[in-house]
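S.K.: Below are the chains, spelled out letter by letter.
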Amino acid sequence: MENNRQLTAAQLMRKVSEAMFYVTDLNLYLDTHPDDTRALRMFAEAAENAKACTEAFEKRCYPLTVCSAECDDNWEWLVGVWPSQKMS
Amino acid sequence: MFIFTKMTQIPVRINNKNPKLASYILSQYGGPDGELGASLRYLSQRFAQTDKSGIALLTDIGTEELGHLEMIGSIVTQLTKGEGARSFDRYGVGDYYIDHANGVYPASASGVPFSAAYLQSKADPIADIMEDMAAEQKARATYDNILRMCDDPDVTNVIRYLREREVVHFQRFGDTNRTDLKVFFT
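Quick note, the sequences are listed as chains A and B, same order. Quick note on our numbering: the first sequence kicks off at 1 and runs consecutively. Quick note on our numbering: the second sequence kicks off at 89 and runs consecutively.
Hints were generated in silico from the structure; no laboratory data involved. Incorrect hints may have been included.
[As the list claims (entries may be wrong)] Okay, derived cross-link-like pairs now, DMTMM-like style, lysine to aspartate or glutamate, Cα gap no bigger than 20 Å in a straight line: (1) B:K94 / A:E76; (2) B:K140 / B:D232; (3) B:K108 / B:D232; (4) B:K105 / B:E158; (5) A:K59 / A:D25; (6) A:K15 / A:D25; (7) A:K51 / B:D148; (8) A:K86 / B:D242; (9) B:K94 / A:D36; (10) B:K94 / A:E55; (11) B:K140 / A:D25.
[Unchecked claim] Pairwise CB distance ranges, derived in the manner of DEER restraints: (12) A:K51 / B:A189: 39 to 49 Å; (13) B:D240 / A:A10: 16 to 26 Å; (14) B:S203 / A:K51: 39 to 49 Å; (15) A:A47 / B:G170: 21 to 31 Å; (16) A:D35 / B:H188: 45 to 55 Å; (17) A:D36 / B:Y193: 24 to 34 Å; (18) B:Y249 / A:Q85: 14 to 24 Å; (19) A:T8 / B:D232: 44 to 54 Å; (20) B:D212 / A:C71: 26 to 36 Å.
Beta carbons are placed, not taken as given, at the ideal position from N, Cα and C, and that holds for glycine.
Take these sequences, add in the hints, and give me the full structure.
M.R.: Rendered as structure tokens:
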């Protein structure tokens with residue numbers, strides 16, 4: 001995470017996408033294999049990583065979920081690339 | 089409940105415009121084997137499931153399909169953004185423009201509006217899971233057809249990804265615990 005400062009918003013988003021994809025894929029697998037200890041260990045690590053990647057993105061760019069939106073003097077939730085738009 | 093996340097599963101970045109291709113891809117939005125039908129099917133079927141593993145799988149895959157619906161909507165929007173009536177007409181999709189202009193409307197590639205008749209909810213885990221596995225293969229086959237029609241790499245990247253997810257979902261549905269389901273036949 002220490003060299004995140006050099007990354008562009010698109011690169012930080014890519015890290016979030018990759019991390020979340022890993023979480024989703026393990027999530028579906030664990031739904032039907034809840035006792036697989038290796039997968040459980042992988043999930044714990046994947047979830048931790050996804051959290052870190054999301055925080056890194058939100059700190060530098062904009063909130064991904066409404067609870068991360070700052071509301072000091074304006075509504076930060078509107079900021080950012082909505083799924084209908086194209087990230088530059 | 090659902091909490092919206094302001095991102096797509098993989099980034100959708102389409103540089104070229106192509107209203108015709110958009111009208112083909114729209115079928116995975118509101119067509120017979122599209123993502124809207126998939127998410128409604130799984131998110132409805134789960135209410136009758138008794139096996140926790142089955143409930144979780146239908147919920148989680150149904151949720152992912154909603155995300156895929158959003159990605160398809162994003163592809164269609166980006167392929168048609170800024171295109172006017174004449175452009176739609178030149179691409180041979182003037183009829184879509186007349187009814188929806190640049191809007192994303194849940195319909196099939198042949199223009200049939202979305203219908204809940206595309207899906208079932210039988211409260212019978214064997215019937216439901218078998219339908220779900222078939223649905224994943226039909227969606228995969230539709231993505232194959234789109235790939236045969238599409239030579240824009242920005243689009244094929246996303247379509248290939250979505251196609252692969254159908255294969256994974258098929259495998260996950262195939263992993264559901266059928267031995268626990270015997271209770272429904274006694």
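S.K.: It remains to establish, for every hint, whether it holds in the given structure.
M.R.: So, going through the hints one by one against the coordinates:
Under the criterion of a C-alpha separation no larger than 20 Å, the hint pairing B:K94 with A:E76 is consistent with the structure, at around 12 Å. Distance hint between B:K140 and B:D232 is unfulfilled; the C-alpha atoms sit about 33 Å from each other, more than 20 Å. The straight-line distance between the Cα atoms of B:K108 and B:D232 is roughly 17 Å, inside the 20 Å bound, and the hint therefore holds. Among the hinted pairs, B:K105 with B:E158 is consistent with the structure: their alpha-carbon atoms are about 19 Å apart, no more than 20 Å.
As the CA atoms of A:K59 and A:D25 are separated by approximately 26 Å, the hinted pair breaks the 20 Å bound. Restraint check for A:K15 and A:D25: the C-alpha separation of about 16 Å stays at or below 20 Å, so the hint holds. Note on A:K51 and B:D148: the hinted pairing holds, with a Cα-Cα distance of about 19 Å set against a maximum of 20 Å. With a C-alpha separation of about 12 Å, the suggested pair A:K86 and B:D242 falls inside the 20 Å cut-off, and the hint holds.
Restraint check for B:K94 and A:D36: the C-alpha separation of about 32 Å exceeds 20 Å, so the hint is violated. A distance of roughly 14 Å separates the Cα atoms of B:K94 and A:E55; the hinted pair therefore holds under the 20 Å criterion. With a CA separation close to 18 Å, the supplied pair B:K140 and A:D25 stays within the 20 Å bound. Separation of A:K51 from B:A189 is about 41 Å and conforms to the stated range, judged on CB atoms against 39 to 49 Å.
Here the CB-CB span from B:D240 to A:A10 is close to 19 Å, well matched to the stated 16 to 26 Å. The hint said 39 to 49 Å for the Cβ distance between B:S203 and A:K51, and at roughly 40 Å that hint holds. For A:A47 and B:G170, the hinted distance range of 21 to 31 Å is not satisfied, since their beta carbons lie about 40 Å from each other. At about 49 Å, the beta-carbon gap between A:D35 and B:H188 stays in the expected band of 45 to 55 Å.
Roughly 43 Å separates the CB atoms of A:D36 and B:Y193, a value that falls outside the hinted 24 to 34 Å. A C-beta distance of roughly 19 Å is found between B:Y249 and A:Q85, which places it inside the suggested range of 14 to 24 Å. Distance hint check: the CB atoms of A:T8 and B:D232 are about 34 Å apart, inconsistent with the given range 44 to 54 Å. For the hinted restraint 26 to 36 Å between B:D212 and A:C71, the CB-CB distance of approximately 48 Å leaves it violated.
Of the numbered hints given earlier, the model fails hints 2, 5, 9, 15, 17, 19, 20; all others are met.
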